[in-house]
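*Asks:* Construct the entire structure; sequences and hints are all you get.
The lines below spell out each chain.
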Amino acid sequence: MSKVEGITTRQGLNPGDPLPQPPGHKSHGRFEQVLRAGHFAITTEIAPPDSADPDEILKRAHLFDGVVDAINATDGSGAHCHMSSLAVCAILTRIGYSPVIQVSCRDRNRIAIQGDILGAAALGVTNLLCLTGDDVSAGDHPEAKPVFDLDSVSLLQTVRTLRDEKQFLSGRVLDTAPNLFMGASINPFVPPLENRIDQLAKKIDAGADFIQSQYCFDIDLLTSFMARAVDMGLTERCYILIGVGVLASARTARWLRENVPGVHIPDAIIDRLDGATDPKQEGRNICVELMQQIKEINGISGIHVMAYRQEKYVADVVKRSGVLGGRQPWAPEQMKTSIGIVS
Amino acid sequence: MYHARLWSSRHSRGLEIVYNAVNPSLLSVLRGVSKLFGRRFDKPITALESMAKGFLFDCQMCGDCILSKTGMSCPMNCPKTIRNGPCGGVRANGMCEVNPNMRCVWVDAWNGAAQMKNGGAIKDIQFAVNNQNQGTSSWLRMVRDE
Numbered sequence: 001m002s003k004v005e006g007i008t009t010r011q012g013l014n015p016g017d018p019l020p021q022p023p024g025h026k027s028h029g030r031f032e033q034v035l036r037a038g039h040f041a042i043t044t045e046i047a048p049p050d051s052a053d054p055d056e057i058l059k060r061a062h063l064f065d066g067v068v069d070a071i072n073a074t075d076g077s078g079a080h081c082h083m084s085s086l087a088v089c090a091i092l093t094r095i096g097y098s099p100v101i102q103v104s105c106r107d108r109n110r111i112a113i114q115g116d117i118l119g120a121a122a123l124g125v126t127n128l129l130c131l132t133g134d135d136v137s138a139g140d141h142p143e144a145k146p147v148f149d150l151d152s153v154s155l156l157q158t159v160r161t162l163r164d165e166k167q168f169l170s171g172r173v174l175d176t177a178p179n180l181f182m183g184a185s186i187n188p189f190v191p192p193l194e195n196r197i198d199q200l201a202k203k204i205d206a207g208a209d210f211i212q213s214q215y216c217f218d219i220d221l222l223t224s225f226m227a228r229a230v231d232m233g234l235t236e237r238c239y240i241l242i243g244v245g246v247l248a249s250a251r252t253a254r255w256l257r258e259n260v261p262g263v264h265i266p267d268a269i270i271d272r273l274d275g276a277t278d279p280k281q282e283g284r285n286i287c288v289e290l291m292q293q294i295k296e297i298n299g300i301s302g303i304h305v306m307a308y309r310q311e312k313y314v315a316d317v318v319k320r321s322g323v324l325g326g327r328q329p330w331a332p333e334q335m336k337t338s339i340g341i342v343s
Numbered sequence: 001m002y003h004a005r006l007w008s009s010r011h012s013r014g015l016e017i018v019y020n021a022v023n024p025s026l027l028s029v030l031r032g033v034s035k036l037f038g039r040r041f042d043k044p045i046t047a048l049e050s051m052a053k054g055f056l057f058d059c060q061m062c063g064d065c066i067l068s069k070t071g072m073s074c075p076m077n078c079p080k081t082i083r084n085g086p087c088g089g090v091r092a093n094g095m096c097e098v099n100p101n102m103r104c105v106w107v108d109a110w111n112g113a114a115q116m117k118n119g120g121a122i123k124d125i126q127f128a129v130n131n132q133n134q135g136t137s138s139w140l141r142m143v144r145d146e
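These protein sequences, in sequence, are chains U and Z. According to our numbering, the first sequence is numbered sequentially starting from 1. According to our numbering, the second sequence is numbered sequentially starting from 1.
Simulated from the structure, these hints should not be mistaken for laboratory data. Given the structure is predicted, the values throughout are model-derived calculations rather than measurements. Warning: the hint list may mix true and false statements.
What the hints assert, rightly or not - To be clear about the criterion: a stretch of chain U counts as covered by chain Z if any three or more of its residues have a C-beta under 8 Å from a C-beta of chain Z, and this derived list gives those stretches:
id, region
1, 19-29
2, 145-157
3, 200-206
4, 222-233
5, 260-273
Ideal Cβ positions, reconstructed from N, Cα and C, are used throughout, including at glycine.
*Replies:* Take a look at the structure:
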């Protein structure tokens, strides 16, 4: 067992063996250790494959080696069907990655969700992001029945009940509680702008240990939002990571703005992409600049890079931004190229 | 009715005054009815509640009414039935991400709450609705849970 800057870097015989849980920590995960040690953290997300091939996940995760502290696995994002977040996370934990399981309330009721949360913890998942989720009408199965038995805040309370009260919502007692570092999302960039801070406060009251925000392309809005969060003492109670995106072109940016709920991209960004000779490169430059500006804002603990179909550029933008300040996040020592379940 | 419910959240302060004035006497009448006749009048009372709140708020009869804590905008009209809204998908013009022809019920809720004397209650965490109460009367529950 070795420790670097307050972070346990090695574990037991098998790479997937759980790390010891330091006192005062909610989970035995490395992501929580990085934040609690005061490091500026980087997270990113994997789009789960439309495939039953586990190697595809490892290939996608490998792109982020050495530049991210945790990898979110989305849960049917945009109400499209993909491999489940739970399965992706379970595969990632086998070789020691620190995945964040995303749990959305769209597809499962409180019985299924609580079962999945216990299962995730049993499979070595230590981080969980509570989301309400996109409506089924946004996806490729609009005829599906939307569940929404819980919402994101009730989901946070549910996880807290399992973890801290060691019981189901029904009151039935658990033998072993799931030790999870629990997150929620915020979007300070869409109406009602005035009340978004109250929504953050509510999620922290409901138990959020960390926050990952929607795409930030508007530093002015973020700055005023964070000033209020600091004033209200919210940044003392929770680690806030701000979402950034890698835009491939002005067309993609317009498409995102018009078709993906909750994405706010100022005209200035789109004009910049329009005027660039190499828009792809310019999109990455914008991301790098945003990351550098975000790191300077008081109260922010890290950045969540969302680079759908631009995953291969995540390492480049993180390195160029310099926000890690020379720190190299954990990566698996030996990348196993196959875990050989399917082929 | 969509337009009536927009009116209601715009006039949340007035409705709060009416609610505070009428609620105690409504509850005492219902308490009396309940004591004298048991559950015999549950159906007409529930229908009356559904009609009145249906007109004013597009009430969905979730049976667990929190209108006074959500700026007089019924959260069950949110396509995701979020009880602690809004979600992160609200359109820049304040309309719903799922139904672009409908105002976000939670944008209206926060606006409504801002006008109300006890509007701060919108900050309380609401746990998920109890689905067993769907279609039943909140008024009668208030009387019987006392």
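*Asks:* Give a verdict on every hint.
*Replies:* Hints, verified against the model:
no. : hint    : verdict
1   : 19-29   : violated (count 0)
2   : 145-157 : holds (count 9)
3   : 200-206 : holds (count 4)
4   : 222-233 : violated (count 0)
5   : 260-273 : holds (count 3)
Comparing the model with each earlier hint shows violations of hints 1, 4; every other hint is respected.
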